[in-house]
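Whenever a hint applies, use it, and build me the whole structure from the sequences.
2 protein chains.
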Amino acid sequence: MSYQPLVERIRAEGRNLGNGILKIDSLLNHQLDPQLMAGMGKALAQAFSGIGVDRILTAEISGIAPAMMAGLELGVPVVYARKKRPITMAGPIYIETAPSHTKGGVVELMVSGEFLRAGENVLIIDDFLATGETLKALARLVNAAHAHVVGVGVVVEKTFEGGRIALKAAGYDVPTVALATITSMEGTAIHVE
Amino acid sequence: MSYQPLVERIRAEGRNLGNGILKIDSLLNHQLDPQLMAGMGKALAQAFSGIGVDRILTAEISGIAPAMMAGLELGVPVVYARKKRPITMAGPIYIETAPSHTKGGVVELMVSGEFLRAGENVLIIDDFLATGETLKALARLVNAAHAHVVGVGVVVEKTFEGGRIALKAAGYDVPTVALATITSMEGTAIHVE
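Note that the protein sequences, when read in sequence, are chains A and B. Each residue of the first sequence is one higher than the one before, starting from 0 at the first, in my numbering. Each residue of the second sequence is one higher than the one before, starting from 0 at the first, in my numbering.
It cannot be assumed that every hint is accurate.
Identical copies carry no separate label here, and so any pair may be met within one copy or between two of them.
Listed next, the in silico EDC-like pairs over lysine to aspartate or glutamate satisfying Cα-Cα at most 20 Å (straight line) [to be verified]:
1. K82 with E7
2. K41 with E72
3. K82 with E59
4. K41 with E113
5. K22 with E113
6. K83 with E59
7. K83 with E12
8. K167 with E59
9. K41 with D172
10. K41 with E160
11. K41 with E95
12. K83 with D53
13. K82 with E107
14. K83 with E107
15. K167 with E95
16. K22 with E59
By construction, these hints were calculated from the structure, which means they are not laboratory data.
Here it is as structure tokens:
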């Protein structure tokens, strides 16, 4: 279920930095095009409109914009997992860790117990689906709160990193939607559809 | 120029954690209410509608949501200054530092030279105006790119930390708008208007 305006922008502006690293700073990771982001939010909301989403969970930083635009369309609150504990975060905290392939080491993801509630239907949204490690950690946060992961939506999936299969293998066999799919990144080419 | 729905939410949900620290995790710094955020974006856009804004600059993390919603209304791109250099950030980078009162130490703010252009009118948006240190660092980034700071918009101003005066003293005597103003935080009280 590609979102064509995004696919075209990635074709025009994306850069292949090697080692599977896609630079789309001009539209997602540094500069944002609010109109494009609003369209992406609508496309994600449409894809998950029938499943009774109560809440969206994403991870700071680059997940915030697409998650908020989807939340605006679905009319549900958006929670962004923090990677460092802010001084305002008190009380019980759900915490999971994910290995980071682009940054090295391990990333912590934290959500305050106030903002994940038992029984809720949670849609997970993030910028990339690559190896699936961050998305799996977000899903574990949802499970820890006795809430349900009802879907996964991402801006860009890199199929050659196997994250979709890894999610399924970890038990998250839920509707999974990418607005653009990168099928290979050989040399300087970017195959996006 | 208060945005009354925000003022009411801060009255209902804000917590005074002492030392001037305001916890509004439920609507800005951890959970987002997309409808409220959209209203805030409209209010900010309205306040700066007559001055020919070309671009919005904010700082990750909590500035992203209000900046994007304002950008959506104004129809301009939004750039968020990064605090850590991502592997996709190459080429000339503008970098400034700001002392962090809530985190201690110094925070770096980086913007790729691609996304700040000479001669542009830049509106700076952030979550808080407290001491003004972060906003001054953002303004220096704009100046370093030979662009113009044409306004400053924030979600919450804490007047007792003097940031508005500090901005003016540093030469940024531009229209400065807060959607909610905290005039004092004594004991556990929060005086917001």
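Results for each hint:
{"no.": "1", "hint": "K82 with E7", "result": "neither (32 Å within a copy, 29 Å between copies)"}
{"no.": "2", "hint": "K41 with E72", "result": "both (6 Å within a copy, 16 Å between copies)"}
{"no.": "3", "hint": "K82 with E59", "result": "both (7 Å within a copy, 12 Å between copies)"}
{"no.": "4", "hint": "K41 with E113", "result": "neither (27 Å within a copy, 28 Å between copies)"}
{"no.": "5", "hint": "K22 with E113", "result": "between (35 Å within a copy, 13 Å between copies)"}
{"no.": "6", "hint": "K83 with E59", "result": "both (10 Å within a copy, 13 Å between copies)"}
{"no.": "7", "hint": "K83 with E12", "result": "neither (31 Å within a copy, 22 Å between copies)"}
{"no.": "8", "hint": "K167 with E59", "result": "neither (23 Å within a copy, 32 Å between copies)"}
{"no.": "9", "hint": "K41 with D172", "result": "neither (23 Å within a copy, 39 Å between copies)"}
{"no.": "10", "hint": "K41 with E160", "result": "neither (27 Å within a copy, 40 Å between copies)"}
{"no.": "11", "hint": "K41 with E95", "result": "neither (29 Å within a copy, 36 Å between copies)"}
{"no.": "12", "hint": "K83 with D53", "result": "neither (25 Å within a copy, 33 Å between copies)"}
{"no.": "13", "hint": "K82 with E107", "result": "both (5 Å within a copy, 17 Å between copies)"}
{"no.": "14", "hint": "K83 with E107", "result": "both (7 Å within a copy, 16 Å between copies)"}
{"no.": "15", "hint": "K167 with E95", "result": "within (19 Å within a copy, 43 Å between copies)"}
{"no.": "16", "hint": "K22 with E59", "result": "both (18 Å within a copy, 18 Å between copies)"}
Hints 1, 4, 7, 8, 9, 10, 11, 12 from the earlier list are contradicted by this structure; the remaining hints agree with it.
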